[in-house]
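Undergrad: This is what each chain is made of:
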Amino acid sequence: MKAVFHILVSERLGTLLNSREAATSLLDFVRENKCSVIEMDFTSVEFMSRSFADQFHKEKIMLQNDYNIVIEVVNANEEVVNILRTVSRTQSKSNREFNDVQIFSFSNTDLLQEHLLSI
Amino acid sequence: MAAIKIPERTSDNFGDPILKLLDIQAAINNSNFDVEKQFDFSECKFFNPFLLGGITSIYNYEIQKGNETGIIFPNSLSVKDYLDTIHFPNGFPYNPNKIDSFKESLSSFHSKSYIPVIFFPATKTGNNSSVREQILSAVNSILKEQLKLSGGVLQALYYMIDELTQNIADHSNCDKGLVFAQFYPSKNYMDICISDNGIGLLQGYINSGKYAVESDKEAVSLAVTGKSTKDLPESRGFGLSTSRKMLVNGLKGKFLLWSGSAMFIQTVENEEILSLEDDFKFQGCLISLRIPTFNNKEFNFYEFTE
Chain A
29 MKAVFHILVS
39 ERLGTLLNSR
49 EAATSLLDFV
59 RENKCSVIEM
69 DFTSVEFMSR
79 SFADQFHKEK
89 IMLQNDYNIV
99 IEVVNANEEV
109 VNILRTVSRT
119 QSKSNREFND
129 VQIFSFSNTD
139 LLQEHLLSI
Chain B
734 MAAIKIPERT
744 SDNFGDPILK
754 LLDIQAAINN
764 SNFDVEKQFD
774 FSECKFFNPF
784 LLGGITSIYN
794 YEIQKGNETG
804 IIFPNSLSVK
814 DYLDTIHFPN
824 GFPYNPNKID
834 SFKESLSSFH
844 SKSYIPVIFF
854 PATKTGNNSS
864 VREQILSAVN
874 SILKEQLKLS
884 GGVLQALYYM
894 IDELTQNIAD
904 HSNCDKGLVF
914 AQFYPSKNYM
924 DICISDNGIG
934 LLQGYINSGK
944 YAVESDKEAV
954 SLAVTGKSTK
964 DLPESRGFGL
974 STSRKMLVNG
984 LKGKFLLWSG
994 SAMFIQTVEN
1004 EEILSLEDDF
1014 KFQGCLISLR
1024 IPTFNNKEFN
1034 FYEFTE
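Going line by line, the protein sequences match chains A and B. The letter at position 34 of the first sequence is residue 62 when you use the numbering used here, and the numbering goes up by one with no holes. The letter at position 206 of the second sequence is residue 939 when you use the numbering used here, and the numbering goes up by one with no holes.
The hints are simulated quantities; they were obtained by calculation from the structure and are not laboratory data. Treat the hints with care, as some may be off.
Restraint ranges, calculated between C-beta atoms of paired labels, are given here [said to hold, decoys possible]:
#1 A/E49 x B/S775: 53 to 63 Å
#2 A/A31 x B/K877: 48 to 58 Å
#3 B/S744 x A/S72: 22 to 32 Å
#4 B/N762 x A/A31: 20 to 30 Å
#5 B/G799 x A/S72: 42 to 52 Å
#6 B/T1038 x A/N61: 27 to 37 Å
#7 B/E1031 x A/F57: 21 to 31 Å
#8 A/S64 x B/K943: 11 to 21 Å
Derived BS3-like pairs (lysine-lysine); straight-line CA-CA distance at most 25 Å [as the list claims (entries may be wrong)]:
#9 B/K836 x B/K857
#10 A/K30 x B/K960
#11 B/K798 x B/K857
#12 B/K920 x B/K985
#13 B/K943 x A/K30
#14 B/K1014 x A/K30
#15 B/K813 x B/K920
#16 A/K62 x A/K86
#17 B/K960 x B/K978
All values reported here derive from a predicted model rather than from experimental measurement. Glycine included, each C-beta is placed from N, C-alpha and C at the ideal position.
All chains, please: the whole structure from these sequences, using the hints.
TA: Take a look at the structure:
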């Protein structure tokens, strides 16, 4: 059974995610708690900047490649989902494997609905 | 009795029928197994193949499990007629021992805009492989007539249907698969639903012992990246990944695969996995394809075949 670790982002960083440093500090915390699956819960997060998203995405890929840690994005609102999608598209697609494809999950049905209707 | 209300209609949005299907699956999963379930179509006015194909699959799985399950047909006669015409919920009838006449019996569909619900055999015993081949050949022949496609785009359509139905025969461990499609000429696309109620991707990987897979999302991610459960030469095992790339990157369509509690969705803009709550668990595998139906001259079929 793979160990799952749940992180409520707003509890650690507040509801506005702006800087690269904040993203790094979040993922440093992940490194310290080496679980194979991390549920990164974005409940209540209102804003994620491009810088934060870019750093988050880069380090997420590094964690997957170096430590085989999978980060799942949980309960992100559509704005957060969109910025994460945007930065993911800017990554190099050469030799692309599945480790840079986002995994989203929603415990909130309204967010799941909003997400599916955005496809 | 538990009545599962089927929504009146769905929008053209790719995700809308899937969302409604998730609600239906959750209602089924959360109802007591010993309570009779009725799929209530009384208010329905419009169906999308993703929704109706999915409901057909869920309904048949309930029957297969021996659960008391029924249908409340639509109040509207024309809507009920449509359900009869597409042979919902039991599928187009055929005699496997007289399969040579199958193409002929489907010939009336050449001038329609849909493929009826068809259950094809998924086992390889007896003449099942040949029956499946005949059925798919008939389906392909209808698609060619209905869509007026040619060249690489038509080849791609044949390729995807063949690979995705072959996967059911190869991996699902169940006795039948389902195909159902509706063409929307004014919108220039066709929606195709292909599904089975087999063991699902996760169990397939667990049984193969080839990968340490513990969740539906991991199994889905392996499947869509071409990591087969079978011991195949390097050139095989790519049907699913090639099909989705061909459909989305080549034809600019949309692709969705749902197995257990995970969904893979790919559009031109995004590709992602949705990890769903257990309430939404689907037994087997369901694939939804939205295929643009114009002869895209820039599309090169051979660019995608591996």
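Undergrad: So which of those numbered hints doesn't the model satisfy?
TA: Numbers 6 and 7, in rising order.
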